[in-house]
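Enquirer: Respectively, the protein sequence lines represent chains A and B.
With the first letter of the first sequence counted as 1, position 143 gets the number 143 in the working numbering; the numbers rise by one all the way through.
Whatever position you read off the second sequence (first residue = 1), add 391 for the working numbering.
No wet-lab data here; the hints were simulated from the structure.
Take these hints with a grain of salt, some might be off.
To be verified - Coverage of chain B stretches by chain A, computed from C-beta distances (three or more under 8 angstroms per stretch; other residues unrestricted): (1) 482-489; (2) 630-640.
To be verified - What the simulated footprint calls covered on chain B by chain A, stretch by stretch (three residues with Cβ under 8 angstroms from a Cβ of chain A suffice, anywhere in the stretch; the number is not a length): (3) 403-410; (4) 712-723.
No residue lacks a Cβ here, since even glycine has one placed at the ideal position from N, Cα and C.
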Amino acid sequence: MGSARKSGLLAATVVDWRAKRIDDPLNRLRYLRVAAVDLKPSAALRGGEWRYAGLAVLVIAAACYAVAHLTMPRRSALAPVRRPSPVERAAAGVESAGRFADVWLVEQNAEREEYSNGLQIDCRLAVSNRPRTYAVFDAARPDRGLIEWRKDPVGIVFHTTESLQVPFEPHQNRILMHITGGLIEYVRDKRAYHFLVDRFGRVHSIVREGDAANHAGHSVWADDNWLYLNLNDSFFGVSFEAQTHHGEGSTSITPAQTHAGTLLVEMLRARYHLPAHNCVTHAQVSVNPDNMQIGYHTDWAANFPFGDVGLPDNYARPLPGLYLCGFVYDRSYVASTGPRILTAIGLSEARLGEVAARRHIEAASYREYLQREYRKNIKALKKETPQGDGV
Amino acid sequence: MTDTTKSNLAIGLDVGTSRIVAARKTEQGFEYGSQLNAFLTVPSSRVTENALKKEGVPHTVEDNAIWIHGTESQRFADLLNSEIRRPMRGGFLNSGEPASVKVMSEIIRLATGGGGKAGENVCFTVAAPPLGAEPSLTWHEATMKQVLGDLGFQSRAINEGLAVVYSELVDCNFTGIGISCGGGLCNVCFAYLSVPMLSFSVPKAGDFIDASAAAMSGERANRIRILKEQAFHINGRQPNQLLQVIDVYYDDMIRTLVAALNEGFQNAKNLPQLPRAIPLVLSGGTAAPKGFRDRFEQILRESHFPIAISDVRLAADPLTATAKGALMAALSEM
């Protein structure tokens, strides 16, 4: 450390110490505005605040030097800011939402998988489908077209089965089991999801994890870097045996399903390093390219227990279908969702408006441009994907 | 001249897009005068003029129109179901409003209780340049000096965020981050031992919320602002759709502010290493609703802000803190 810098550090400490001994706020400010003015580490002083630079601080620092030298700990007051490392941030709890639990496979056979967090998956009826492969697009520049092909899953889409529901009561056991059995056969035949969580909280593997499942259809999601179109291949489909009742607070699952969902989400996130913000509901991702409206499917449009399954409230996240692909929404969508998705709609509209303003075009024109780019990208997907557009 | 007499000759003036607040030191403490930074023109008529005079409503008559200035313009805009006009936009004089300078002069005169006395000093606030931009505020600052000079004041400018630090962070030796959340801008200043180290503005604040919520709900922006100031509590569970919409845009504004804070501090060079965590203080009318501080702190703590923050505070009086800080600056130079 150079001697000039050393004396600067000392001066800062002295000035701080001295100011604390001035009780009157105004006098303290007067003192600091003179004494501390030369403490700015940048050599380039500018503006009216720096006009007192010069002799004053040196005089005060020199006068206080002896006292400070004897009584104050030395501190590197003017060294450049050192940003906390990721480990330090995690230790401080800043990145707790981005950390993954330590979950591992304990035992596996043809019928069952058991994990260290207590999750058990019934694999007896698991089937194969086409191997997972999907394209990603640049979330900042969807107009750049298809960027690359990938195979690793990036998130989870939560569904409801919309199947027949009978009261969840002990004397209904036989009927409940019968309905679930039929449901599993149906979704297996359709390759509809990767996992099904029945009303007793049992987790059934439907389509094997390495394959795509036909769960999301026409759909859109994006994270900070990538835009994903038609999420059958890129996202896991996890469905809860439940039925949607439109509006806030009515769709519900059993406590056993919530518990199982928590363990399943924890395992999938740990195993595949899925970011929390990529774990969303079908209603958030579903789109209809025929009328360019979001929310073709509205399962889990409200009331998905994000907090209970260990995720942040992803209902608050803007909807990429709106702000990256130019989709629109209508009143029926708002009516079938509730205030939580209304928040996301508002944010999405604001984001679209901001980008349009930056480009000096009307929001409506920018939306049309996004719609054209979306169609172009879907066309490219159809052309280059062996199974069509992944729907 | 005694200290008290000298104090009487200093004014702190918060020149905000939404409000103009003047602060003075009295023997009892501080005294404030506040005016909405807005005006309204109505067709001139003898009857209207007499009614305004009788009611003591500040106005001038010019060009076959009656100009109603300041806070009262709001009441008349409501009565006439029209929007008020604003001499400032986005933190600076509104270049789209030809009468802006003339109107500002009237409103400052109202807020300060008349023109300047001999030797009276005004320290007035100015916005920092937007994040990443070079300072280019000379026109606004020079015009304000001209306006204040014409009213008889001697004036100098102070950064708005720094004024918040001077007002609220005396216990930390004026070290910390001051943020003034106003109508047009959020002004941020990091000061170290009273010296500004980093300052910038974020062009998304109360007006953005009002305009966006108005566009989405069909209400007038005026009405949104009143509703926001009088009956709004940021808590994510709003009783009706209009409040929910306001909540949405508040959330967006806070997230934008936090993102800008992260960007600004991560890209800043030559900041001092701080021996301890520093406080952050929020001020301004946009920060006033209940729950704002909590929502801001939650979003800030979730982000990867590179400076350790000891506590997030709300100014003792968010509406007057900036003017008080400007007054502190004026007094400290006497």
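Enquirer: For each hint, tell me whether it holds in the structure or not.
Expert: Verification of the hints:
1. 482-489: violated (count 0)
2. 630-640: holds (count 6)
3. 403-410: Violated: only 0 residues of the segment 403-410 of chain B have a Cβ under 8 angstroms from chain A.
4. 712-723: holds (count 4)
Against the hints set out earlier in the document, violations occur for numbers 1, 3.
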